[in-house]
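Visitor: In order, the protein sequences belong to chains A and B.
Quick note: the first sequence uses the UniProt record's numbering, first residue 1, plus one each step.
Quick note: the second sequence uses the UniProt record's numbering, first residue 1, plus one each step.
Just so you know, not all the hints are guaranteed correct.
Here are the simulated DMTMM-like cross-link-like pairs (lysine to aspartate or glutamate), alpha carbons at most 25 angstroms apart as the crow flies [claimed, not checked]:
(1) A/K70 / B/E429
(2) A/K70 / B/E547
(3) B/K569 / B/E648
(4) B/K390 / A/D105
(5) A/K329 / A/E245
(6) A/K309 / A/D21
(7) B/K390 / A/E245
(8) B/K390 / A/E81
(9) B/K161 / B/D248
(10) A/K70 / A/D294
(11) A/K70 / B/E854
(12) B/K390 / A/E83
(13) B/K161 / B/E188
(14) A/K309 / A/D105
(15) A/K70 / B/D463
(16) A/K70 / B/D496
Hints in this document: simulated from the structure, not taken from any laboratory.
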Amino acid sequence: MTTPTTFLASLGTALPGDPVDNATLAKVLGINEDWIEVFIGTRTRHFARDLGTGAVRWSLADLCAQAAEKALAAPEVDTSEIEFIVLGTATPDTLMPATVNHVADQLGLDQVPTFQLQSGCAGAVQALGVAQTMIASGQYRTGLVIGGDVCSKHLDLQRDVAGAAPGDLVNHVLFGDGAGAAVVTDEPRGQRLALRHVLNRFTGLGRKPGQVIEWFGLADRYDDRQALTEDYKAIEESVPVMAVEILWEMLGELDWEADQLDYLLPPQLSGRMTRRITEELDVPTAQDVSCVADTGNNGNALPFLQIEKLLERMSDGEKALAIAVESSKWIKAGFALEKI
Amino acid sequence: MEPIAIVGIDCRFPGAPDTGAYWDLLMRGADGVGKVPRQRWDAEEFHSAAGDEGHANTTEGGFIADPDAFDNEFFTISPREAAAMDPQQRLLLQSAWRAVEDAGIPPRTLAGTRTGVFVGIMGNEWAQLHLTDYANVTAQVGSGNGYCMTANRISYHLDLKGPSLAVDTACSSSLVAAHLAANALLAEECDHALVGGVNLALTPALSIFYTQAGLSAPDGRCKPFSAEANGIGRGEGVGVVVLRRLRDAIADGQRVYAVIRGTAVNQDGRSNGLTAPNRWAQQEVLAAAYRRAGVEPSDVVFTEAHGTGTALGDMMEVKALGHHHAGRAARPMALGSVKGNLGHTEGAAGIAGLIKVALSLHHRVVPASRFAAKESKQLKLRDHGLRLLKAPLRLPAGPTVAGLSSFGMGGTNAHAVLESAPAHTARPEPANTAAPGGIGAAVFTLTAPNADALRRNLLAQADAAAARRVPLGPLARWSNRVKAGHRHRFATVATDIAELVAGLRESAADPELLARLSARPAERPRSAFLFTGQGSQYPRMTAVLYEQSPLYRHFLDEADAALLPHTGKSVRDLILAGDDAVHSTQWTQPALFAVGYALGRTLTELGVRPEMLLGHSVGEFAAAVLARALPLDGAARLIAARGALMQELPEGGGMLAVRTTRADLEARIEREPLVGIAAVNGPTATVLSGDLEPLAEIGAELEAEGVTSRTLQVSHAFHSPLMRPVLDRFAEIAEQVGGGVPEIPLYSTVRGRVLDGEAMDAAYWVEHIGAPVLFGDAAGALLADGPTHLVEIGPQPVLSGMVRRLGGPAAGAGPVHVLPVRGPDSAGRDLAEALAELYRGGVEPDWDAVYAPEERVPHPLPPYAFSTDHRYWSRNPVRSQGTVAEPTIPALVAHGEPETAPAAVLTLDRPGGPADPVGQAVLGAVRMVGGYTDAEVGPHDRLYEDLGFDSVMIMELKNRLEARLTGIGTVTVQDLLPRLSSVGDLVAFLREIGAAAPGSAGTGDVAENPALMEEERTA
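Generate coordinates for the entire structure from the input sequences, incorporating the hints supplied.
Guide: Put into structure tokens, the structure is as follows:
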């Protein structure tokens, strides 16, 4: 018996509320609009929190369920067929219950295995990898893969950032919120997107994290630690290099030539960084599919937002390759898709 | 056999007030068994742990909550009749209604169909309590009891004309009922079948019987196939399912829970004793069902067993199953029984099992069997190819076959083979996808018999919509389809679920809002469409609607395509681009035509069929297309030519709106050949048109006299002598286009009246250019013909104001003004609000057009929430001394209908007032016969529709009237019948024939009059 191939049958995404442009964000935070434009290169993003009041309008579970509902509403898929759910996120609503279970509850799913992968930008890819393994086992035929993040949890609207250093400022303008979901099947259905390969590899032995998000409990809630820290120098230096390595490793694994690639889904750090990485990847024959300039860096939602854009253009027989780098502890990730 | 689909479910079981709660109870492995409620009998009094004679060995059982609550008003059953009805009838009636709703069928649409009703029932304890109280056996007590009536009453109240019967085969009754229903569907005796089962324990009789027969579990709990099994515990319940032939369900795009593949029924015959289970007969009935279903025993993944938890019963059942399944030891068949959760629900046991299996196949998981963890070793289940479900069994994707057994104490056995619904029916494809649809907002509707019921059901729907992520379109569409048919119509508009939930809750809490969003249409709606003319246009008119509504988009595109060959440039693009050229008449005329046509067609597509049409000047072209007097292409050609020809005329003409009469102005323009009357919009709203110079002079003259006038922003002097140069060329084109007689009454602004068989042909349209617009006369004629709704069709409301200024009927009595487009910002919401308003006014929209094709999928909603305000039960619980309980009519909560006629009307002619002894006597008699309280019966109540009177009650009413009134001695029932439409009508009739109340000064109400109370007892 041959190992079942995993297919993405349908896709859904959810972005909270209206897009927030740089002018609005600059005004709220009291910073320079042009600075965002030039140094970050992100035009708009969406926030689950109300920018005026700071009130939470959507939880991560809400966004994930919205995205999943859209994926499940597509032709040729059915909620009752879902046999497992895998969610990748760095920003769960609560540590317990895992957000994936609230998502299941909102979707009316019961009696299914659920998984939540605690991960940054690679989480969605890891979720796809787990789903692929489950389908390949022959034990499951249909599942739901979700990625989402609510980064605005760390958007402190009370804080005056006017005098803050660029490294600190970046955290306020880089990120956004959102979620994406895909129904995976063991046969070509709906979008008929074959998942050809998934790469997920820890490469950070001995390396200082490039990004840290803290969490606080009762014992340390008043600690004066920064909730979110990034080593931008290290990220700027390493991510492009890692991205190139991922590209070539995956092409080798797939036995694809670079010029056979129709689309390239590069890592979505920020509008500016993504443009830079794409240049370094240097696959001129492949069309670039990016979204970060419009969505902000919303973590594990990004690959789904990219696939959604990809589907608008992709035709039968075309190939796409996606690359993600999680700079927290230097995780290489990627996946390859082929529409059949 | 041909597969039968289960398309609707409703039930109530111990610990589970509805279907969702039942599934939850099963999945939690919960216990529905508890102490015998004091309302039933004194359990301690009848208890003997040793099982002494006349005693039961348990004080527990599975009892449902609120068996006494009954929404008699919903079914227009009088309190007296309700109190006499076996509560099993009442429960079934409510459950039947809910099950039909769950099937996505508005119950009233089944009226008159040959739908069958099959009820399984084996307990008749209400009759034992009430029919033995001979002194109090009334007509109502008679029809309130008996097995047949459980089914027949459903048929009666839902007006179902197929087979209607009750089945008693003891504990297998309701599965045998399902078997008979399936056969009736296969024989095409009926197209829908309701299968019900019901069981209420009102007396300890069966508990004592089980104890004396050595079958009663001391803890009142069935423990199927368990090492701890020690007998039966009694359980209650009611359940109804709706069955159809699968092919019909598929053809109708219905949601299917599960499919019945085959059923079989047989008998033990002369077995080991009348009540002893018989393994060989059970084995045979399984074989027969498998055969009929065309399945191999090894295909069956799980079986819901009869499983009462008696040593002998469980053993026989396992052996019978083992005969077919022993060979599959490697992959044993899963086994369970719901009796572990509920107790043995006797007459309802079959339906409890059927619903459990259907829900298991639907949710693709089989609940664990309670008490399975301590499986009986003696049964050697594994050797028989069986495994007891100690944990829920998740069913794999693809078809799953399941079995269901139900065995009767007297030896009638039943087995059914079910299968999961075919994939495409578990989630049917969108219906009717070819038709365009979507208006940019959803309209949620709900109907109920009164405002209280409306509030209660709005909250139930709000809770369900808030509980889980649900799609708005399909949900609202389902509310339109299923929640229809009652007098009070509620409609609200929403663009997302959160908004809907908030709106429903606010409506339930705020009486003013509820009054605004609901209505009780009194008359058949008659809609008139009024199309606006020049002046109402503006750049980007209806652009937001165009973006939001695919339906409107479809028709504006259609109009644009029809115009394009004649305009040479897309009128739609010109509108959407916000081009100011829309103000030059060459574009104004086709643009307004396109918008008028698109909006009019959008509304007719939504099911709003105008019965009257009126177009102000240019607006008449779109009206003529809707009236089928002109084809779209022809009208497009005409309007394009009309606009283009007028554009060619030199500019310089103007128009002047004047607040004075036509006659006044006619006198002033007599000597002005280049000025004419352009429009008469009302008695003192007249428009002049013509050369600018004389117009200015007249304007100055008027101003000097203090008459208000206003210069209109127009490029040309429309409807004036200045138009003459275009007439010949226009006539040429108009001749080619032609035109017919409108098929819908069209009130012509050329003639100032409805067109009477006159064609809207070339001559008409040529005359149209120069003739004054007699809007005031045309609108007056239209109003005189009594429209209920005036729908203004145009980019902004203009004509509604003109109509209001015409005067006419007093405020409040005139037609409702409906504005689907209110101005530049108008979006789908305004159109949806307009549709909601029309629906509240009695219009029956074609709801599918409100929703995009992909939204046209079934979306089951919580079924009707019945009132629990009224309770009917025996006054006393059963005691050992054989005291007979009496039916009582509890004090009912008074609840006035807010919509009763205005007080002013009541006091003028109010039978039953202090000075009206006849009316008083009639009201008293009606209350007495129906068992109503004072507040519940008024002169406006209709005897049949509102008070639920039937022929038996009419006879009784006549007797009571004869006892209370003199002068009606010779009146026969036949005389009475034509005058029974309402209580007031009856009073009027009795007065006419000279009835009088002897010796009554008309003081106080009957209920307070001791003399009359005495008379009632002896009547």
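Visitor: Please go over all the hints and tell whether each is borne out by the structure.
Guide: Results of checking the hints against the structure:
1. A/K70 / B/E429: holds, 16 angstroms
2. A/K70 / B/E547: Holds, at roughly 21 angstroms.
3. B/K569 / B/E648: OK: B/K569 and B/E648 at ~17 angstroms, within 25 angstroms.
4. B/K390 / A/D105: holds, 24 angstroms
5. A/K329 / A/E245: With Cα atoms ~17 angstroms apart, A/K329 and A/E245 stay inside 25 angstroms; holds.
6. A/K309 / A/D21: holds, 20 angstroms
7. B/K390 / A/E245: Violated, at roughly 52 angstroms.
8. B/K390 / A/E81: Holds, at about 24 angstroms.
9. B/K161 / B/D248: holds, 19 angstroms
10. A/K70 / A/D294: holds, 20 angstroms
11. A/K70 / B/E854: holds, 12 angstroms
12. B/K390 / A/E83: Between B/K390 and A/E83 the Cα gap is close to 21 angstroms, so the pair holds against 25 angstroms.
13. B/K161 / B/E188: holds, 13 angstroms
14. A/K309 / A/D105: violated, 28 angstroms
15. A/K70 / B/D463: Given pair A/K70, B/D463 holds - Cα atoms ~22 angstroms apart, limit 25 angstroms.
16. A/K70 / B/D496: holds, 14 angstroms
The structure fails hints 7 and 14 (numbered hints given earlier, in ascending order).
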